[in-house]
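K.L.:
For the protein sequence lines, the chains are A and B, in the order given.
For the first sequence, this note's numbering gives the first residue as 1, with consecutive numbering after it.
For the second sequence, this note's numbering gives the first residue as 1001, with consecutive numbering after it.
Take the hints with a grain of salt, since some may be wrong.
In silico DSSO-like pairs for lysine-lysine, Cα to Cα no more than 27 Å straight-line [stated by the list, open to error]:
1. B:Lys1360 <-> A:Lys127
2. B:Lys1360 <-> A:Lys55
3. B:Lys1270 <-> A:Lys55
4. B:Lys1118 <-> B:Lys1270
5. A:Lys50 <-> A:Lys140
6. A:Lys24 <-> B:Lys1024
7. A:Lys47 <-> A:Lys127
Rather than coming from a laboratory, the hints here were simulated on the basis of the structure.
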Amino acid sequence: MRIAEIENEIVEEFELFGDDWEGKYEHLIDLGKNLPLIDARYKTDDKLIKGCQSKVWLHSELNDENIVFTADSDAIITKGIAALMIRVISGHTADEIINSPFEFINRIGLIEHLSPNRGNGLVSMIKQMKLDAVVLKVQKLNFPTLN
Amino acid sequence: METIAKNSILNIPKLRKDFPLLSKKVNGKPLVYLDSGATSQKPKQVIDAISNYYQTQNANIHRGVHQLSQEITIAYENARTTVQNHLNAAVSQEIIFTSGTTESINLVASSFGKKYIKAGDEIIISEMEHHSNILPWQVLCEEKEAVLKVIPINENGELHMDEYRKLLCDKTKIVAVTHVSNTLGTINPVKEMIALAHEKDIPVLIDGAQAVPHVRVDVQALDADFYCFSGHKLFGPTGVGILYGKEKWLNEMPPYQVGGGTIKTVTFKKTTYADLPLKFEAGTPHIAGGIGLAAAIEYVNEIGLENIGGYEHELLEYATLKLLAIEGLRIIGTAKEKASVISFVIEGIHPLDIGTLLDKQGIAVRTGHHCTQPLMEHFGLPGTIRASLVFHNTKEEIDVLVNGIQKAIKMLQ
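Next comes chain A alone, as it looks inside the complex (with noise of 0.2 Å):
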């Protein structure tokens, strides 16, 4: 599936519970449970995304063309925002993930979660998945024999 169309299915789920915040962060909670654990080794201090007020943890890694990623978080609803960034991008390729302007975030009704406020970690999230994607990008065209 298409990114934008993983988006579209996200913002057809979260549009069920209509103006109802608690079930859309029930949903979000489950999520952050229910997200695949990061393997321990990649639990690091270096696999940790600055500017965020709950730990955030993220690994990338090439899978042929395509860029996976998992991810880890103190904070359960971080936990949950980083469980839908994941299903949105994870196994698409580097420009596609580049290029993904995350617009169903706005789309579902989390809006605050994009401000540039200090303590949320959205923004930083989406700067090191792109940031990541480009440096596998860019390892992948110069050294296609290290991957």
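Let chain A serve as the given structure and place chain B on it in line with the hints.
P.N.:
Relative to the frame of chain A, chain B by itself:
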């Protein structure tokens, strides 16, 4: 929010009407504002004073011969006198307008440091300081190869006074401590600390940012050498703050920033600087800020800081009791002397999750490390949830907070 605290002589519903923003709805719920420790809301008396300044008084101060300039110069200098009287400073030139506590501390660290600090000297701060009262001293120590010494705290979040006594020595050149901890609410025994330092002729700077909204400060009774605070935590505007400094220090210290307003004469060879307070006030100041701050001080004094303190103590006791009834909740900072600031954590739940879900219920609290990372490290916590209470808060709002936390816990488990 109609019930008044029984023991209080304050008419809270009436006072709440002074704050236009308190009637706002957030996420469809009535706003419960428990983040005055970050910045206070503003009463209409302050908003009107600022608006009135721009509409009827605006001109530059200390410059013009024209009527408007003269009038606003008088008003601005009256604002300085209002601050002087509020702090009971000996003379008005000991009151320096700055942009806030952070700039006040930076000014002293830079200016006092330039004149008095040399390699091997020691500067004492405490473990509970806000980053604003750590970094300026850290930078100064790096520059001058001086040594930063830190007074440790006990498990209740109180300073170890014995350790403080031991740290004071011939090498100590200045002590900089907070009056009230922004994270823990601890009220430090600053009068005693100043007296101990003075026994060894060591000057003391007090960070009063979190104290001035809650307690009456008398800089002469404290015998503080420097006292800093921000307007915006005292129901005044952002971007204005105060540095009180004893005249003898301020006279000897070199200017911090230089430019318009700070001079007597300028030639390309030599400049002579203006007398206090202008020596430390380079450039056109935040005139509206000064006017607004004076209005805020007058507003607080009309209510009476003693009345405010009494009522806030009542709120603090009520909130402490109610919060402790929540299973798994632990209060961080249990000093005997405490202002109405409560930090807490809930076992197994990240503070950010609680803060996010409280926000959805219209409750504004602060979460995180509160710019006191070394303190968080002491307690081994990633952060806390902080509710800071002021006189416009009510017991009903505390009940809303408690119910909100319980709802958040239920959702998160």
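K.L.:
Decide, hint by hint, whether the structure agrees.
P.N.:
Verification of the supplied hints:
no.: 1; hint: B:Lys1360 <-> A:Lys127; result: 26 Å, holds
no.: 2; hint: B:Lys1360 <-> A:Lys55; result: 22 Å, holds
no.: 3; hint: B:Lys1270 <-> A:Lys55; result: 54 Å, violated
no.: 4; hint: B:Lys1118 <-> B:Lys1270; result: 26 Å, holds
no.: 5; hint: A:Lys50 <-> A:Lys140; result: 25 Å, holds
no.: 6; hint: A:Lys24 <-> B:Lys1024; result: 24 Å, holds
no.: 7; hint: A:Lys47 <-> A:Lys127; result: 14 Å, holds
Checked against the numbered hints above, the structure breaks only hint 3 and satisfies the rest.
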